[in-house]
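K.L.:
In case you want the letters, here they are:
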Amino acid sequence: GENVEQHPSTLSVQEGDSAVIKCTYSDSASNYFPWYKQELGKRPQLIIDIRSNVGEKKDQRIAVTLNKTAKHFSLHITETQPEDSAVYFCAASTGAQKLVFGQGTRLTINP
Amino acid sequence: DAMVIQNPRYQVTQFGKPVTLSCSQTLNHNVMYWYQQKSSQAPKLLFHYYDKDFNNEADTPDNFQSRRPNTSFCFLDIRSPGLGDAAMYLCATSRDPGQGYEQYFGPGTRLTVT
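Sequences listed follow chains Y and V, in order.
Start counting the first sequence at 1; every next residue gets the next number (the working numbering).
Start counting the second sequence at 1; every next residue gets the next number (the working numbering).
In case anyone wonders, no lab produced these hints; they're calculated from the structure.
These numbers were taken from a predicted model, which means no experiment stands behind them.
Among the hints, a few may not be true.
[What the hints assert, rightly or not] Each pair of labels, with its calculated beta carbon distance range:
#1 Y:Asn-3 with V:Ile-5: 26 to 36 Å
#2 Y:Ser-28 with V:Phe-75: 34 to 44 Å
#3 V:Lys-44 with Y:Ala-70: 38 to 48 Å
#4 Y:Glu-56 with V:Asp-77: 41 to 51 Å
#5 Y:Leu-46 with V:Thr-20: 19 to 29 Å
[To be verified] Far from chain Y, by Cβ distances over 12 Å, these chain V residues were calculated:
#6 Asn-28
#7 His-48
#8 Asp-62
#9 Pro-69
#10 Phe-75
#11 Arg-79
#12 Ser-80
#13 Thr-114
Each residue gets a CB set at the ideal place from its N, CA and C atoms; glycine is no exception.
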């Protein structure tokens with residue numbers, strides 16, 4: 001089955017700097033790659049997703065890139081702000097109704 | 001405009017005392033999921049329904065059961081909760097995910113076992 005590895009497990013950046021979180025997946029049939037943000041005690045919320053027919057997607061300060069050949073995808077947050085502090089999860093899906101999540105990255109933005 | 005609703009938000013139960021958690025949705029989505037999440041770990045899928053079809057994960061203990069009486073509601077039953085079952089339980093929904101669709105999460109029920 002699918003396996004998703006996420007790195008780093010913790011990331012601390014200065015406010016205004018960029019943050020990058022990376023994930024690799026094992027199943028070449030995976031075709032949907034969402035990123036979720038989870039603040040302490042709250043539900044995971046989708047922040048951006050990408051499908052396998054696209055190499056990059058951007059939404060304001062957030063972007064995701066996908067390299068199907070290498071089977072990895074990355075989340076890029078630019079001009080980080082204190083409210084970006086949260087746990088971020090990547091996930092992959094083959095479309096068979098299930099998401100396989102990465103282990104999560106705790107992002108801390110230092111003022 | 002809540003889309004995925006979970007009740008209760010906090011549940012305290014005694015060791016071994018059955019407990020039921022509830023999830024409802026206003027999205028008319030085909031698929032409903034139950035996840036267990038412990039202390040900032042990734043959500044762990046317990047099972048899901050695709051319409052009325054129940055799909056159990058291989059490593060979900062028999063202690064966990066689920067019911068989906070109609071499109072809108074889904075229940076998680078824990079027959080004999082142990083201390084290790086204390087966690088956040090998240091319900092999520094998705095449209096027919098043939099091409100991969102967003103999963104919408106409810107706010108979760110935090111279960112404490114005493």
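K.L.:
Taking 41 to 51 Å as the stated bounds, is the beta-carbon spacing between Glu-56 of chain Y and Asp-77 of chain V within them?
P.N.:
44 Å, holds
K.L.:
Was Asn-28 of chain V rightly flagged as not at the interface, with every chain Y Cβ beyond 12 Å?
P.N.:
17 Å, holds
K.L.:
19 to 29 Å was suggested as the range; check whether the CB atoms of Leu-46 of chain Y and Thr-20 of chain V agree with it.
P.N.:
28 Å, holds
K.L.:
Holds or violated: is the Cβ of Pro-69 of chain V farther than 12 Å from all Cβ atoms of chain Y?
P.N.:
20 Å, holds
K.L.:
Please check whether the beta-carbon of Phe-75 of chain V is more than 12 Å away from every beta-carbon in chain Y.
P.N.:
19 Å, holds
K.L.:
Verify this label for me: Asp-62 of chain V is non-interface relative to chain Y, using a Cβ-Cβ cutoff of 12 Å.
P.N.:
20 Å, holds
K.L.:
Minimum Cβ separation between Arg-79 of chain V and chain Y greater than 12 Å?
P.N.:
Fine: 24 Å to the nearest Cβ keeps Arg-79 of chain V off the interface.
K.L.:
Is the Cβ of Thr-114 of chain V more than 12 Å away from each Cβ in chain Y?
P.N.:
Per Cβ check, Thr-114 of chain V is outside 12 Å of chain Y; nearest 20 Å; holds.
K.L.:
Range first: 34 to 44 Å. Now tell me if the beta carbons of Ser-28 of chain Y and Phe-75 of chain V are that far apart.
P.N.:
37 Å, holds
K.L.:
For the range 38 to 48 Å, tell me whether the beta carbons of Lys-44 of chain V and Ala-70 of chain Y fit it or not.
P.N.:
This hint is violated: roughly 27 Å between Cβ atoms.
K.L.:
For His-48 of chain V, is the shortest beta carbon distance to chain Y beyond 12 Å?
P.N.:
Not fine: 6 Å to the nearest Cβ puts His-48 of chain V too close to chain Y.
K.L.:
Can we trust that Ser-80 of chain V is non-interface, i.e. its beta-carbon lies farther than 12 Å from all of chain Y?
P.N.:
Consistent with the label, Ser-80 of chain V stays out of reach of chain Y, its closest Cβ about 27 Å off (over 12 Å).
Comparing the model with each numbered hint stated earlier shows that hints 3 and 7 do not hold.
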